[in-house]
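S.K.: Sequence:
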Amino acid sequence: MQVSSLNEVKIYSLSAGRSLPEWLSDRKKRALQKKDVDIRRRIELIQDFEMPTVSTKIKVSRDGQYIMAVGTYKPRVRCFDTYQLSQKFERCLDSEVVTFEILSDDYSKIVFLQCGRFVEFHSQHGHYYKTRIPKFGRDFSYHYPSCDLYFVGASSEVYRLNLEQGRFLNSLQTEASESNVCDINPVHFLFAMGTAEGKVECWDPRTRNRVGLLDCALSSVTADTEIEGLPSISALKFDGALNMAVGTSTGQVLLYDLRSSNPLIVKDHHYGLPIKSIQFQHQLDLIISADSRIVKMWNKDTGKIFTSMEPEHDLNDVCLYPNSGMLMTANEAPKMNIYYIPVLGPAPKWCSFLDNLTEELEENPESTVYDDYKFVTRKDLENLGLAHLIGSSLLRAYMHGFFMDIRLYHKAKMMANPFAYEEYRREKIRQKIEETRAQRVQLKKLPKVNKELALKLIEEEGEEQQFSKKRKQKNLPSLLKDDRFKVMFENPDFQVDEQSEEFRLLNPLVSKISEKRKRKLKILEELEAQGQDEEEEPEGKASDAESSESSDDEKGWVEEVRKQRKLLRQEEKLKRQERLKEDQQTLLKPQFFEIKEGEEFRSFKDSAKKQKLMKKTLEDRLKLEEKLGTLNVSDTTVGSKQATFKLKKSEQQRKQQEAEKRHRQERKTLRRSASHLKSRRGRGRLFH
Numbered sequence: 001m002q003v004s005s006l007n008e009v010k011i012y013s014l015s016a017g018r019s020l021p022e023w024l025s026d027r028k029k030r031a032l033q034k035k036d037v038d039i040r041r042r043i044e045l046i047q048d049f050e051m052p053t054v055s056t057k058i059k060v061s062r063d064g065q066y067i068m069a070v071g072t073y074k075p076r077v078r079c080f081d082t083y084q085l086s087q088k089f090e091r092c093l094d095s096e097v098v099t100f101e102i103l104s105d106d107y108s109k110i111v112f113l114q115c116g117r118f119v120e121f122h123s124q125h126g127h128y129y130k131t132r133i134p135k136f137g138r139d140f141s142y143h144y145p146s147c148d149l150y151f152v153g154a155s156s157e158v159y160r161l162n163l164e165q166g167r168f169l170n171s172l173q174t175e176a177s178e179s180n181v182c183d184i185n186p187v188h189f190l191f192a193m194g195t196a197e198g199k200v201e202c203w204d205p206r207t208r209n210r211v212g213l214l215d216c217a218l219s220s221v222t223a224d225t226e227i228e229g230l231p232s233i234s235a236l237k238f239d240g241a242l243n244m245a246v247g248t249s250t251g252q253v254l255l256y257d258l259r260s261s262n263p264l265i266v267k268d269h270h271y272g273l274p275i276k277s278i279q280f281q282h283q284l285d286l287i288i289s290a291d292s293r294i295v296k297m298w299n300k301d302t303g304k305i306f307t308s309m310e311p312e313h314d315l316n317d318v319c320l321y322p323n324s325g326m327l328m329t330a331n332e333a334p335k336m337n338i339y340y341i342p343v344l345g346p347a348p349k350w351c352s353f354l355d356n357l358t359e360e361l362e363e364n365p366e367s368t369v370y371d372d373y374k375f376v377t378r379k380d381l382e383n384l385g386l387a388h389l390i391g392s393s394l395l396r397a398y399m400h401g402f403f404m405d406i407r408l409y410h411k412a413k414m415m416a417n418p419f420a421y422e423e424y425r426r427e428k429i430r431q432k433i434e435e436t437r438a439q440r441v442q443l444k445k446l447p448k449v450n451k452e453l454a455l456k457l458i459e460e461e462g463e464e465q466q467f468s469k470k471r472k473q474k475n476l477p478s479l480l481k482d483d484r485f486k487v488m489f490e491n492p493d494f495q496v497d498e499q500s501e502e503f504r505l506l507n508p509l510v511s512k513i514s515e516k517r518k519r520k521l522k523i524l525e526e527l528e529a530q531g532q533d534e535e536e537e538p539e540g541k542a543s544d545a546e547s548s549e550s551s552d553d554e555k556g557w558v559e560e561v562r563k564q565r566k567l568l569r570q571e572e573k574l575k576r577q578e579r580l581k582e583d584q585q586t587l588l589k590p591q592f593f594e595i596k597e598g599e600e601f602r603s604f605k606d607s608a609k610k611q612k613l614m615k616k617t618l619e620d621r622l623k624l625e626e627k628l629g630t631l632n633v634s635d636t637t638v639g640s641k642q643a644t645f646k647l648k649k650s651e652q653q654r655k656q657q658e659a660e661k662r663h664r665q666e667r668k669t670l671r672r673s674a675s676h677l678k679s680r681r682g683r684g685r686l687f688h
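With the working numbering, the residue at position 81 of the sequence shown is 81, and numbering never jumps.
Hints are computed from structural coordinates only; laboratory data are not their basis.
Please note that a few of the clues may not be correct.
[Stated by the list, open to error] List time: in silico DMTMM-like cross-link candidates among lysine to aspartate or glutamate, alpha-carbon distance up to 25 Å:
id, residue 1, residue 2
1, K428, E490
2, K573, E560
3, K109, E90
4, K88, D48
5, K563, E502
6, K59, E8
The structure displayed is predicted, hence computed values, not measured ones.
Model the full structure from these sequences, guided by the hints.
M.R.: Printed below as a string of structure tokens:
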């Protein structure tokens with residue numbers, strides 16, 4: 001069970017952790033639970049609460065006993081009994097389910113809208129009836145007073161199927177080209193449908209006339225939102241008699257009062273993804289909206305974020321268990337997630353033990369695994385003198401460094417630098433003294449770190465002040481006075497290395513400019529020693545001479561770059577020569593290895609030769625070993641004996657080969673005599 005917290009709201013993921021395969025025996029499952037801590041600590045709230053590949057929709061029956069989910073592959077529906085905490089039944093379907101609705105209080109009456117324009121009805125025993133609608137459907141709603149099913153989809157018409165009469169009624173003709181979602185108000189049964197043009201049409205089922213039209217696409221665009229294309233309606237949900245929430249394909253959620261055409265609140269998910277689901281939580285006045293990446297809970301009065309969740313896999317649907325703090329999601333993964341948020345409400349009565357479990361976890365918070373370990377890099381290990389531990393069990397490699405026990409780290413640090421605490425204490429005392437001195441009236445001094453950079457900023461600030469006075473502009477805040485960059489002039493780790501290759505190539509004129517600044521720094525240090533004011537202008541060259549020098553620098557920046565590159569090449573050459581001298585001076589000492597008793601030393605090439613020999617036949621191997629002389633080895637260091645043998649032909653084989661040889665010779669002589677006779681006869685005919 002994983003615990004996450006956002007805005008001090010704890011979210012318990014009950015489906016986290018690995019699941020065991022179904023084909024494992026009970027004995028192997030018990031063995032795995034003993035070995036693996038994650039499997040032992042996992043909570044399997046409902047047994048096999050998953051789909052083969054993907055789950056698309058999930059709903060709870062009105063009595064709260066059954067949870068139904070549809071998914072693929074193959075298309076199927078699964079019903080889970082919460083009283084038994086296991087699967088009730090599973091039924092496979094002919095095509096994928098777009099959406100479904102539970103008409104009864106339990107699982108006895110279900111309607112499925114499928115991809116192939118089919119509408120399938122199931123009863124308690126299974127499949128009951130199947131019909132077809134004229135166009136592809138995307139959503140439907142059930143009107144309880146008249147027993148009508150309203151289907152919306154890839155058409156401008158809303159198809160009505162009466163379940164009492166068992167026939168289609170006259171459809172509703174709308175102005176939309178296509179419709180995506182629909183819903184019926186549970187109080188006054190107003191029918192609303194969201195169109196592809198970003199509008200919501202409201203119809204009265206009693207008179208079959210349109211009574212309202214909302215342009216949500218126009219209202220969703222505010223000054224802060226950036227959208228691409230026309231927003232269409234992707235989610236729709238009523239709350240009570242007057243409130244309605246609308247989700248768009250560009251990631252906005254609009255909350256309406258039916259008495260007004262302007263939205264009360266526009267909430268943006270900032271992901272640009274279509275809103276998949278909208279739920280209302282009445283205890284805390286929250287709206288739970290979800291797209292494929294995130295589930296957000298926010299206050300419907302103020303729009304302030306309450307908490308949010310980002311699951312590992314993309315979301316398809318979200319279902320809030322009634323009157324509880326349990327949330328279930330259908331994902332692009334086999335496992336369906338179950339979350340428990342105690343702030344939203346208590347646990348359902350069929351899993352009331354969750355309240356006690358979460359209370360115990362809050363009373364005894366466990367420290368994370370990484371609290372007992374210290375992350376160190378390779379450089380840190382070299383400084384501590386622990387580089388020889390790399391590859392041992394004391395260090396666990398992770399990313400660009402290692403994890404080591406915090407106790408070992410403290411011991412090694414005390415041995416490497418036993419006066420670290422005293423230095424830390426002196427540094428803290430010095431910081432306290434400097435803080436008290438800061439309250440006194442002080443002269444302006446340059447910082448101890450990055451003095452040249454600070455001097456450069458002071459000069460630029462003076463130039464900007466003169467320029468702003470002429471233009472009558474406001475002065476920009478100084479970088480030296482900004483607290484965000486305070487550490488850059490206090491911590492020596494942020495000291496600019498002017499001798500590095502990158503700095504010298506990026507700043508080709510730094511040498512001449514730095515010389516002038518160094519001269520200024522020397523003068524300022526002398527003034528500080530004499531107790532004079534730093535603001536007095538030090539003696540130096542006139543401003544005209546400085547401007548002429550700056551113009552000369554701008555002209556000769558190419559020559560300066562070339563000089564820097566030549567210097568870098570010379571430095572690299574000197575470094576290479578020093579490395580060569582060090583390599584020549586170092587003597588390679590021979591290393592000796594001891595062979596264990598009962599083993600024989602063989603070269604590393606023998607293994608490759610043996611692999612080639614194993615592919616050949618026995619006869620070829622024996623011939624090759626006989627040529628190499630390896631068959632003559634009769635004794636080894638271990639004392640084992642080796643027998644050599646040769647394949648000898650039997651007497652019968654030898655006689656058979658001799659007979660074949662004679663037969664071949666006879667046939668050769670017969671052929672020669674026959675050819676000789678033919679040639680003589682041919683000559684006689686020519687003479688005649």
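S.K.: Each hint: holds or not?
M.R.: The hints, checked one at a time:
Distance restraint check for K428 and E490: the Cα-Cα separation of roughly 14 Å lies within the 25 Å cut-off, and the hinted pair is therefore satisfied. For the hint pairing K573 with E560, the CA-to-CA distance comes to about 20 Å; that is within 25 Å, so the pair holds. Pair hint K109 plus E90 holds up; C-alpha atoms about 15 Å apart against a cutoff of 25 Å. With a CA separation close to 11 Å, the supplied pair K88 and D48 stays within the 25 Å bound.
Between K563 and E502, the direct Cα distance comes to roughly 15 Å. Compliance with the 25 Å bound is thereby established for this hinted pair. Between K59 and E8 the CA atoms are separated by roughly 29 Å; this puts the pair beyond 25 Å, and the hint is violated.
Violation of the numbered hints given earlier is confined to hint 6; every other hint is satisfied by the structure.
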